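Residues per chain, in single letters:
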Amino acid sequence: MNVFQFMVQNHDQVLELTLEHLWLVGISTLLAVLIGIPLGIVIAHWPVLNKPVLASANIIQTIPSLALFGFLLPLPWLGERADRLAILALTLYALLPLIRNTFTGIRGVDPAVVEAGRGMGLTDRQLLFQVELPLAVSVILSGVRVAVVISVGLATIAAAIGAGGLGEFIFRGLAMVNNQLILAGAIPAAALALFADTSLGWLEKRLRPQ
Amino acid sequence: MQRGQRLYMDRFSTNGVAIEFRDVSYVSPTGQEVLSGLNLEVLRGETFILLGRSGSGKTTTLKLVNRLLSPSAGEVRVDGAATAGVDVIALRRSIGYVIQDVGLFPHFTVERNIGLVPRIEGWAEDRIRERVQELLQLVGLEPQLAERYPRQLSGGQRQRVGVARALAADPAVLLMDEPFGSLDPLTRDELQREFLLLQQRLHKTVVFVTHDVGEALRLGSRVALMEAGRLVTVLSPQEFLRSSDPWVAAYVKAFKAGLDSAANRGTE
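If you read the sequences in order, they're chains A and B.
Under numbering that gives the first Met the number 0, think of the first position of the first sequence as 0, with each following residue one higher.
Under numbering that gives the first Met the number 0, think of the first position of the second sequence as 0, with each following residue one higher.
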């Protein structure tokens, strides 16, 4: 029985784990966007903050994922359910590309454009929403894209703490020395990553200002 | 010429002072004193040129008018009111601003660029569209350029759009920071000529920064020469050419040197 026959035979389970996987990635990316983009905006305008914030996000990024899951385990409420833990960890990992790209994108807007806008009497808010963010959107989106691709990969490890997702197949396969089982998890995960990468890449190109 | 000049001055002296600097100093965030003890008056309807080398403080002076910078000491008054006491957003919207790099919004069409201030001021769409067409005509651009993006325009066209944008909400005061500085000589000449025609019709109070003596003498009602953060003198273009002030004479000499040397080379 090859891996595809296996996947067809167990399509219920493949589907369920894929959806679980998507849920972990989706929620964590959403949270990371909600935290990371505003943080990036803040540090782009208050330069004193950019070093400490980017350094913290960098440090989080260097913690090995299994160790991070371990660190988070004793937390109250979050530690009670594996999926909450996994989402928190994935959110933390997704922060760096989002903060950094938002920061870079806004800082990259032509200073003459910002100056003209300010001189014409745009408020900070109008400047942000009508000028800075629209001009930075493709750089920010490429951060989202990196974050999603990282999350799809990392989410497989969430199965190690029982959070579900396609990692279930992979860990089961590893334990049973069953390559088909490993591939049944790895192939859909890779497909998800490729799909996210291509579709966000397309969107990024469409929104890129000339 | 003399009489014309006097009539000109009389007309504006009755209209009074539009912008006033009183003992203004500006110290940059890095602690460098950029301007010290600046006193000057810009009359309503005149083209007031700030001439000087880079680093002389002329752009800083300009930015103090629309409060992109705030004075460290002294007071800037626009229409009699100290800028420190008025709403900065309202102040900036009542003053047109044109810079050398134009700063058109690359993601906006020409129409949206020009109509930006009217739009955020809540004008009706019809009125904005009408105003944009009127302005395009005023600055000598084809109406169909309204749909273009800035990257599709030439340098001269971009600068015209920049001027149109600054005029959009019909401000009484226009600040121009080396607006023609990056253009080729022919385009610059054309825009300078049109600026004079435009100014004849509109009579805006213009504060114009340049380091080009020829441009200063051609466009200015009065020329303020700045050096190292201080005002050297304020003269009419005619007075400027005759002045015995060593700084002014140095500028006039440098201005004439190019022409003289070319002429002399021809005779040798």
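Source of the hints: derived by calculation from the structure; they are not laboratory data.
This structure is a prediction, so every number in the text was calculated from the model and none was measured.
Cβ coordinates follow ideal geometry from the N, Cα and C atoms, glycine included.
Hints may contain errors.
[To be verified] Covered, in the sense of this in silico footprint (three residues per stretch, anywhere, with C-beta under 8 Å from a C-beta of chain B), are these stretches of chain A:
| id | stretch |
| --- | --- |
| 1 | 67-75 |
| 2 | 103-117 |
[As the list claims (entries may be wrong)] Here are the simulated lysine to aspartate or glutamate pairs, DMTMM-like style, with alpha carbons at most 25 Å apart:
| id | chain 1 | residue 1 | chain 2 | residue 2 |
| --- | --- | --- | --- | --- |
| 3 | B | Lys252 | B | Asp211 |
| 4 | B | Lys62 | A | Glu203 |
| 5 | B | Lys62 | B | Glu32 |
| 6 | B | Lys62 | B | Asp169 |
| 7 | B | Lys255 | B | Asp244 |
| 8 | B | Lys62 | A | Asp82 |
| 9 | A | Lys204 | B | Glu146 |
| 10 | B | Lys62 | B | Asp22 |
| 11 | B | Lys62 | A | Asp11 |
| 12 | A | Lys204 | A | Glu79 |
| 13 | B | Lys255 | B | Glu226 |
| 14 | B | Lys252 | B | Asp183 |
[Unchecked claim] Part of the chain B face toward chain A, derived, beta carbon under 8 Å:
| id | residue |
| --- | --- |
| 15 | Thr108 |
| 16 | Glu110 |
| 17 | Val116 |
Verification of the hints:
1. 67-75: violated (count 0)
2. 103-117: holds (count 8)
3. B:Lys252 to B:Asp211: 13 Å, holds
4. B:Lys62 to A:Glu203: Answer violated: B:Lys62 to A:Glu203 is near 36 Å, above 25 Å.
5. B:Lys62 to B:Glu32: 15 Å, holds
6. B:Lys62 to B:Asp169: 19 Å, holds
7. B:Lys255 to B:Asp244: Given that 25 Å is the threshold and the Cα spacing comes to 16 Å, the pair holds.
8. B:Lys62 to A:Asp82: Distance ~55 Å between B:Lys62 and A:Asp82 Cα, so the pair is violated.
9. A:Lys204 to B:Glu146: 22 Å, holds
10. B:Lys62 to B:Asp22: 16 Å, holds
11. B:Lys62 to A:Asp11: Roughly 67 Å separates the two Cα atoms, so the pair is violated.
12. A:Lys204 to A:Glu79: Distance of about 41 Å is beyond 25 Å: violated.
13. B:Lys255 to B:Glu226: Given that 25 Å is the threshold and the Cα spacing comes to 20 Å, the pair holds.
14. B:Lys252 to B:Asp183: 23 Å, holds
15. Thr108: 12 Å, violated
16. Glu110: At 15 Å from the nearest chain A Cβ, B:Glu110 fails the 8 Å test, so the hint is violated.
17. Val116: 6 Å, holds
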